[in-house]
Amino acid sequence: MYISPIREPLIKGNKTYSQITQDIAAPIEGKAGKTWYMGLGLSLSAMFFGLAMMGYTVWEGIGTWGLNRTIGWGWGITNFVWWVGIGHAGTFISAILLLFRQKWRTSINRSAEAMTIFAILCAGLFPLIHMGRPLLAFFVFPYPNTRGLWVNFNSPLLWDVFAISTYLLVSLLFWYVGLIPDIGTMRDRVTSKVKKWLYSVLSFGWTGSVKHWQRHEKLSLILAGLAAPLVLSVHSIVSSDFATAIIPGWHTTIFPPYFVAGAIFSGFAMVLTLLIVTRKALNLENYITLAHIESMNKIIIATGSIVGIAYMTELFISWYSGVEYEQYAFLNRASGPYWWAYAIMMTCNVISPQLLWFRKLRRSLVFTFILSIFINIGMWFERFVIIVTSLHRDYLPSSWSMYKPTIVEVGIFIGTLGLFFSCFLLFIRVFPVIAIAEIKTVVKSSGEKETKNKS
Amino acid sequence: MRRYISAYFTDEENLLSASKILREKNISILDVLTPFPVHGLDRILGLKDSKLPTVGFIAGGIGTLFAFGFQTWTFVVDYPLFIGGKPHFAIPAFIPITFEITVLFAAFAMVFAFLFRSGLGLGAKNKIHDERITDDRFLIIIDADDKKYLFEEIKVILEQEAAHDIQLKENN
Numbered sequence: 000m001y002i003s004p005i006r007e008p009l010i011k012g013n014k015t016y017s018q019i020t021q022d023i024a025a026p027i028e029g030k031a032g033k034t035w036y037m038g039l040g041l042s043l044s045a046m047f048f049g050l051a052m053m054g055y056t057v058w059e060g061i062g063t064w065g066l067n068r069t070i071g072w073g074w075g076i077t078n079f080v081w082w083v084g085i086g087h088a089g090t091f092i093s094a095i096l097l098l099f100r101q102k103w104r105t106s107i108n109r110s111a112e113a114m115t116i117f118a119i120l121c122a123g124l125f126p127l128i129h130m131g132r133p134l135l136a137f138f139v140f141p142y143p144n145t146r147g148l149w150v151n152f153n154s155p156l157l158w159d160v161f162a163i164s165t166y167l168l169v170s171l172l173f174w175y176v177g178l179i180p181d182i183g184t185m186r187d188r189v190t191s192k193v194k195k196w197l198y199s200v201l202s203f204g205w206t207g208s209v210k211h212w213q214r215h216e217k218l219s220l221i222l223a224g225l226a227a228p229l230v231l232s233v234h235s236i237v238s239s240d241f242a243t244a245i246i247p248g249w250h251t252t253i254f255p256p257y258f259v260a261g262a263i264f265s266g267f268a269m270v271l272t273l274l275i276v277t278r279k280a281l282n283l284e285n286y287i288t289l290a291h292i293e294s295m296n297k298i299i300i301a302t303g304s305i306v307g308i309a310y311m312t313e314l315f316i317s318w319y320s321g322v323e324y325e326q327y328a329f330l331n332r333a334s335g336p337y338w339w340a341y342a343i344m345m346t347c348n349v350i351s352p353q354l355l356w357f358r359k360l361r362r363s364l365v366f367t368f369i370l371s372i373f374i375n376i377g378m379w380f381e382r383f384v385i386i387v388t389s390l391h392r393d394y395l396p397s398s399w400s401m402y403k404p405t406i407v408e409v410g411i412f413i414g415t416l417g418l419f420f421s422c423f424l425l426f427i428r429v430f431p432v433i434a435i436a437e438i439k440t441v442v443k444s445s446g447e448k449e450t451k452n453k454s
Numbered sequence: 000m001r002r003y004i005s006a007y008f009t010d011e012e013n014l015l016s017a018s019k020i021l022r023e024k025n026i027s028i029l030d031v032l033t034p035f036p037v038h039g040l041d042r043i044l045g046l047k048d049s050k051l052p053t054v055g056f057i058a059g060g061i062g063t064l065f066a067f068g069f070q071t072w073t074f075v076v077d078y079p080l081f082i083g084g085k086p087h088f089a090i091p092a093f094i095p096i097t098f099e100i101t102v103l104f105a106a107f108a109m110v111f112a113f114l115f116r117s118g119l120g121l122g123a124k125n126k127i128h129d130e131r132i133t134d135d136r137f138l139i140i141i142d143a144d145d146k147k148y149l150f151e152e153i154k155v156i157l158e159q160e161a162a163h164d165i166q167l168k169e170n171n
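Chains as they are written, first to last, in numbering that gives the first Met the number 0: chain A, 0 to 454; chain B, 0 to 171.
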């Protein structure tokens, strides 16, 4: 087996197979700490606050939001796009990096995929509530109905329905198929009868037979091959919601690649936010090492730079197009009443990731953590800028308007943050955060002893 | 009543070379249970390639035809509506949903085929040979009803490859 002389070990501390199992299963087997309960309590309260606000919206009507006739899409769609984007990093790590045979993904793919699923759940809530009558949400599916009508297959909003649902289902399948062997491990470790029964049911009767592994590997590879174009299609379709409209600032062909890059950019930031805390809290520093953080930071700088170039291209093209409305839209973005949102977006997404060219900063946990929060905020503002600043100056100055969210909209957003973190906190107590079986396959080529011996 | 020999390894390299020797001597290996996928083991054991890709391809093809056909039928045949003066048979507009449904069908078909063919699923009661298999032990199960070799002979081969707990067991 070829062992690179310059690469850092991906697993530190000369671990045996059994130690790996033990280390990764430890957070599930041990008692939850005070911080975990506090985190869950906080997340659940945020979630219930959000639920109350959602209930209020449905009860009272969408008029409780700060939207008006000019600005029909505000925080709701901003949050939708933001959450979908965050999900993209999980699929990127689990599918695209698998196809590129990047071994470092084995330490982070499980938690990133889980994050994807929770993020899509949060995202899906927004269009649902924004309908105003969520009980009629099934109207978006093409089913034979008494009106004899079909849904509009020419509309990107409908493509979105299919893209997001497919994305959620395929991510769920991919995640669960990967989990089966590890649930088997948990089944064979836990002692309590109830837990053993539960893990036994969830493990689908996994035995570890060589034939099953052969199929499992094949399945993972093909699912990755399917998920890779899928993830690219999802945000391309989300961007088409805007790009096919004739609103200046939305009507651009650059949107699909620009949105996909931005999605992976923001997703990796969220993965870093979660994992920098998780690795410390669960004592997984030997598995999610500084080398992993650095690799992710390199992806952040690559995608962040693509996003930066996309912003510049947009500005250039709006000038070059010679279209007055187009030029005004971008000038107004940078210098109009929402200039501060544009400035936050530019600072967080274009300038701050460039600091990662310094190796010291790429490998600094504190810096990376702060930067990841910055990027999360910046990418949220990107969507806010695209949606609100493009809408608030309509063609007719008589329709010009301003938008301010109400507590209801803010509450719903806080609620989804609560839902997301509650799900993640429960996940780390139930399922192994790192793919145990997968990481054992790389320990021989990327363990500490092996990499040191050959260099 | 079937008899089989079970032996444990702690390292996949030993498992690989032991399986190779056993296969060369034409001793039939019933199953190998490992905590993680050991690359190259399926080739040594002479396992056929998995047909899951074919399943995925066929199901994906059905998805493509179904999605494209359905959209065409609703918009061209069943209820042609004018939307912004656009053509009823709008091929490019049908592609995104066709793609999504293709992926959806292929993924579900492959996962169900995998579970079905491997006998895995909710409530599956497969025999768990040893709880260490999902941790750090590699278990090889050798057919002992094959009268070509005696138990002792196989044991010697296995011991040379650092196997332990070599036992002759009976299955009922």
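No lab work stands behind these hints: they were computed from the structure. This one's a predicted model, so the numbers in the text were calculated from it and none came from an experiment. Treat the hints loosely; a few may be bogus.
Rough simulated footprint, nothing fancy, chain A against chain B, three-plus residues with beta-carbon under 8 Å [claimed, not checked]:
hint, region
1, 109 to 123
2, 158 to 165
Each pair of labels, with its calculated beta carbon distance range [as the list claims (entries may be wrong)]:
hint, chain 1, residue 1, chain 2, residue 2, range
3, B, Ala-89, A, Gly-32, 54 to 62 Å
4, B, Phe-56, A, Gly-321, 31 to 39 Å
5, B, Ala-161, A, Gln-18, 30 to 38 Å
6, A, Ile-305, B, Leu-64, 32 to 40 Å
7, A, Ala-25, B, Val-155, 37 to 45 Å
8, A, Lys-30, B, Ala-89, 23 to 31 Å
9, B, Lys-50, A, Ala-342, 38 to 46 Å
10, A, Phe-137, B, Lys-50, 21 to 29 Å
11, B, Lys-50, A, Ala-244, 42 to 50 Å
12, A, Glu-7, B, Ala-161, 24 to 32 Å
13, B, Ile-61, A, Arg-6, 38 to 46 Å
We put the beta carbon where it would ideally sit given N, CA and C, even for glycine.
Hints and how they fare:
1. 109 to 123: holds (count 12)
2. 158 to 165: Since three or more residues must qualify, the claim that chain A covers the region 158 to 165 of chain B is violated, with 0 doing so at under 8 Å.
3. Ala-89(B) - Gly-32(A): 54 to 62 Å: Holds, at about 57 Å.
4. Phe-56(B) - Gly-321(A): 31 to 39 Å: 48 Å, violated
5. Ala-161(B) - Gln-18(A): 30 to 38 Å: 20 Å, violated
6. Ile-305(A) - Leu-64(B): 32 to 40 Å: For Leu-64(B) against Ile-305(A), whose Cβ atoms are near 36 Å apart, the range 32 to 40 Å holds.
7. Ala-25(A) - Val-155(B): 37 to 45 Å: Holds, at about 40 Å.
8. Lys-30(A) - Ala-89(B): 23 to 31 Å: Violated, since Lys-30(A) and Ala-89(B) (Cβ atoms, about 59 Å apart) do not stay within the stated range.
9. Lys-50(B) - Ala-342(A): 38 to 46 Å: With Cβ atoms ~57 Å apart, the hint is violated.
10. Phe-137(A) - Lys-50(B): 21 to 29 Å: 37 Å, violated
11. Lys-50(B) - Ala-244(A): 42 to 50 Å: 45 Å, holds
12. Glu-7(A) - Ala-161(B): 24 to 32 Å: 31 Å, holds
13. Ile-61(B) - Arg-6(A): 38 to 46 Å: 43 Å, holds
The structure fails hints 2, 4, 5, 8, 9, 10 (numbered hints given earlier, in ascending order).
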